[in-house]
Structure formats: C-alpha cells, structure tokens
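These protein sequence lines are chains B and E, in that order.
Residue numbering for the first sequence follows this note's numbering, beginning at 145 and increasing consecutively.
Residue numbering for the second sequence follows this note's numbering, beginning at 21 and increasing consecutively.
Be careful, since some hints might not be right.
Said to hold, decoys possible - Pairwise CB distance ranges, derived in the manner of DEER restraints: (1) E188(B) - K65(E): 29 to 39 Å; (2) K132(E) - E162(B): 20 to 30 Å; (3) S89(E) - S202(B): 28 to 38 Å; (4) A146(B) - Q96(E): 12 to 22 Å; (5) P133(E) - P214(B): 48 to 58 Å; (6) S217(B) - K132(E): 41 to 51 Å; (7) D125(E) - Q229(B): 30 to 40 Å; (8) T182(B) - E28(E): 39 to 49 Å.
For the record, the hints were derived by calculation from the structure and aren't laboratory data.
Note that CB positions come from ideal geometry on N, CA and C, so glycine has one too.
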Amino acid sequence: NAGVIQTPRHKVTGKGQEATLWCEPISGHSAVFWYRQTIVQGLEFLTYFRNQAPIDDSGMPKERFSAQMPNQSHSTLKIQSTQPQDSAVYLCASSLDWGSQNTLYFGAGTRLSVL
Amino acid sequence: GDSVTQTEGLVTLTEGLPVMLNCTYQSTYSPFLFWYVQHLNEAPKLLLKSFTDNKRPEHQGFHATLHKSSSSFHLQKSSAQLSDSALYYCALSDRCSNNRIFFGDGTQLVVKP
C-alpha cells in the first residue's frame, strides 16, 4: 500500500498562472479530503468527496478554486489566477468510509509557491 | 457550529517531564475526537481517537480522555521524549456536519534535553 500519493511535491507558479494539484487516494477508500496548511492558519478544510461525489466545498474560495474527482483513483485541485496568498502546502487525505470515526490518511502534500 | 480550540500554540518542556496538551470542543451532536501528530517535513498522521464506549485510547505512551461534561479531550503523556517534538492537532467529527473533520489550530511541542 503506497498510501495517498500527491503530485507534484513542489510547484512554483507566477502570479496569475494556473496550478493543478493531483491526488491519488488509497485504493478502496471512499472519501477524499483536501486541506490547505499554512503556519498562520494551520489546517484549513477546503472540500471533500464521497464516492466521487462532492459533499462539502464550504472551505473553497469560490472564485478561483475548483476540485474534481473524475474517478475513484484520483482527484484534482485547480487554482486559477494564482495569487501570493495561495502559497501553502496543500494536503490530500482519504478515509476508508464516510463515518465520523474514520481515520484520515494524509499524503505528503504539494508545496505551492506563488511568486 | 462545530469547532475545536487548542489554547497553546507552543509548549516547551524538558525531557522526562509530563506532557499535557489542551483541547476543548464545541459540537451540536455526539462527536468523535482525534489527535493527529505531524513531525517535521512529514504528513499528519493519527495518534489516537476517542471510543464510543468511553474507553481511554492510548498510543505510544500518549492517552486522552473524552470528558463530555467539560467538552474536553486533552492529550497526556507521563514522560516526554525528544522524539515527541512535533505539531499536534486536535480534531472533531460528527454526523451533523456531514462527517467533516474540524481541526484545531495545532500545538507545537518542543522537548529539550
């Protein structure tokens, strides 16, 4: 079991460019979560999917952020017109099921730097 | 709405002393509580989580007791080790919030020789 795989590990973009982050959840896990981590804000919830369907995207900045899960083996987080304040580590996590007591398994994250 | 509060941003202590990291929560339903640990340059991973039957979860010498009366789930260890230095997140999940996981701001634990 390779765990949750996130690519790329590091991404540098210029202000105004687009960034796409990829996540491959653990095989057999039905829930996928996206978080953003910064020193100031800690772990911020962005969005999550259950069986590929979007369940809660209340943490997503509406205008430039979007997330998809086209199949059970990967999810993407797209940031359009990146801004310096988008610089953060973006963490993807998956869990076996949707219930409250299920453990989140995090990927190593993608460090996004917007210049 | 649901929320988790970790009052200490940084805790520094000497190896061998007891550890206690505070966590209180607000929830409209009966939640599950978790502690996640993140070592430097690593992903967060589960340290322990609450049980439904009031048992006290323990892992790697750490334990936490869910006190519903005070809405707390403090993390404790009798004797800190240098390797315990890490960022600790308390988290909550309940059915009323679509099982979304709410994280506290995190507590950085630094253990010195």
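Outcome of the hint check:
{"no.": "1", "hint": "E188(B) - K65(E): 29 to 39 Å", "result": "19 Å, violated"}
{"no.": "2", "hint": "K132(E) - E162(B): 20 to 30 Å", "result": "44 Å, violated"}
{"no.": "3", "hint": "S89(E) - S202(B): 28 to 38 Å", "result": "30 Å, holds"}
{"no.": "4", "hint": "A146(B) - Q96(E): 12 to 22 Å", "result": "34 Å, violated"}
{"no.": "5", "hint": "P133(E) - P214(B): 48 to 58 Å", "result": "51 Å, holds"}
{"no.": "6", "hint": "S217(B) - K132(E): 41 to 51 Å", "result": "44 Å, holds"}
{"no.": "7", "hint": "D125(E) - Q229(B): 30 to 40 Å", "result": "18 Å, violated"}
{"no.": "8", "hint": "T182(B) - E28(E): 39 to 49 Å", "result": "19 Å, violated"}
Checked against the numbered hints given earlier, this structure breaks hints 1, 2, 4, 7, 8; the rest are met.
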